[in-house]
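K.L.:
Listed below, chain by chain, are the residues.
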Amino acid sequence: MAVVDVENVTKRYEERGQPPADALRGVSVKVEKGEFMALAGPSGSGKTTLLNLIGGLDAPTGGTIRVEGHDISSMGRAALADLRRDRIGFVFQAYNLIPVLTARENAEYVLELQGVPAGDRRRRVDELFERIGLGALAGSRPLKMSGGQQQRVAVARAIVSQPAVVLADEPTANLDQHTGAALVDLMRELNRERGITFIFSTHDPMVLERADRVVRLVDGQIAGDERKKAA
Amino acid sequence: MSPFPLLKLAWRSIWRNRRRTLISMSAATFGLVLVIFYSSLMSAMIGEAKTQLDTTGMGHVEISAAGYRQKPQASRAFQDPAQVVQSLSLPPGSEAGYRVLARALISSAHASEGVELHGVDWANEARLASYVTDLRAGALPAAGDANGILIGEKLAARLKVGVGSKLRVMASRTDGEVGANLFRVRGIFHSISPAISQTRVVVGAAAAQELLGTPGAAHEIVVQIDDPSKADALAASLGKQLGGGYEVFSYGQLIPAMKSIEALMDNALFIAALFVYMLVGLGVLNTALMSVMERTREFGVMMAVGTRPRRLVWQVLAESFWIATISATVGLALGLAITWYGSGHALMDFSKKLGEGMDLGGMTIRSALRTAFSISQSLKAAAYVYAMALLVGLYPAWRVTRMRPADALRRA
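So the sequences go chain by chain: E and L.
Numbering of the first sequence is given in our numbering, commencing with residue 1 and proceeding in unit increments.
Numbering of the second sequence is given in our numbering, commencing with residue 232 and proceeding in unit increments.
Everything hinted at is true.
With the Cβ distance kept under 10 Å, some of the chain L side facing chain E (calculated, not the full set):
no. : residue
1   : Ser244
2   : Trp246
3   : Arg247
4   : Met533
5   : Pro540
6   : Arg635
7   : Leu640
If you want a taste of the chain L side facing chain E, the calculated C-beta under 10 Å gives, among others:
no. : residue
8   : Pro236
9   : Leu237
10  : Lys239
11  : Trp242
12  : Arg243
13  : Arg528
14  : Glu529
15  : Ala535
16  : Val536
17  : Thr538
18  : Arg541
19  : Arg542
20  : Thr632
21  : Asp638
22  : Ala639
23  : Arg641
Simulated from the structure, these hints should not be mistaken for lab results.
If you're wondering where the values come from, they're calculated on a predicted model, not measured in any experiment.
Idealized CB from N, CA, C, for every residue including glycine.
Work out the full structure, taking the sequences as your base and the hints as a guide.
P.N.:
Here's what the structure looks like:
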């Protein structure tokens, strides 16, 4: 069973006084467990829209989306929130950490939503922070950290609950080339170590060359689906 | 869901914009202090007026012969007043006594003044009207003193007399003649009521009866009770007991202005408090709404990582909870401190302009205004501010639940 199954999905934005805009037009794609997949395409091609739909942050105009077999278009808001909490991690371009929480507390937030006891939360987050080289920064607030450090915390927040899939929207767009490459390498390692599926949007060639699979979007339609042969 | 991480996050969130939060809290705190102060001042004024009933000698219940209140003539008297007082069914702790009353003209060698003559049993009167024992010169006349008279400070000044001076008192008798007698000033009393100080004179009951030609008769019985709120019920029961030959009134019936002023003050307090609570609500609403609008993207992230809409509502309400808790706690503490201090010290003193006391529609209150220290009343005001601050937090919380995660994340 595919972790993510997108079938003939369309998304039309309609705003008063504006002509309707079709962001996605009949997109179908299946993502298997453990894939490290990039969504490529120019700005406005529908990458972020597709990620938002897969993550249940927005509703499709047509078609169906299944995450681990659950049809998310038929779910209510609370059920969708629970699905995101337990099975989907997010990494955003602008890091989007909660500024009044420390790095550790940001990562713990999802576990706290899951009802994990405080001791377990702390142990799991500390172990993860050690693994990704953030141990010394656990008590720091996001604004005291560099962009690369903040994005690592965001990655930690996304994977700490061991989700089925992590959706990363342009995760390296705000980072320099070296930091961006290090972040993608980290995501790749976590993908291999933990078997977590990663789907990320990018138009950065450095990121694309590290992906196992690249799905190209142009004008809201899939223009290509390339899989690299295993090394 | 554990409330503690939620409260911790809310606590940190309210301090993101420290100045705005402090301004909002200050407004709520100040509003609460204002309501506590104003309500305690109003309570103190009404309480003072009720207390002054005792010091001026007015009864919580007053009994007179039928028709005397409408036409106070010497002939409208009742016989054997001491026996009538004895026969009254009064609650424990009550004080009662009778008086002989008349309008009279009093003259010294220098001036004449119209006065209210009270003929009393001195021992009883000392318990019913504290001003007769508040003597600034001389002493209370002895029980058998047929010519002793007490007058107020203001009257003494107008008549230019002192202790030992002679005064001539004239009043209409029941036989149509004018009665006159000579009295000697035994004492000069002090009263905070300007009217009592200037127009009341007190003599022995027998002397007043002789002057008016009403031997063994009196015009008024005064009853003072421990719980003034039961005055209306007592007046009704005494009215039934005494029958048609008497009129029985409670102080509320005798001074309707007191109840009117009490009602007016209650209404004014209600309107002022409502106004303040609304301002407090708007201030907190503004802070909470601004805070939510500024953090739309952050709420989008919280939804994206799996926060349920209900938890977001609690998150926003938790921020209102802190603002309300701090404002109400500080406001309550300040309000209690101010009213406690004000209950022992005059915070507003008009005595230089108005004299020691003010007569208002039959009531007397001190010109130096104090506050009434009331924990329960202050807690009530704090509870309203608290409830208002929490209530207005519902609107921004509702706004958050209306956001779609994708739209919230798109906000810059």
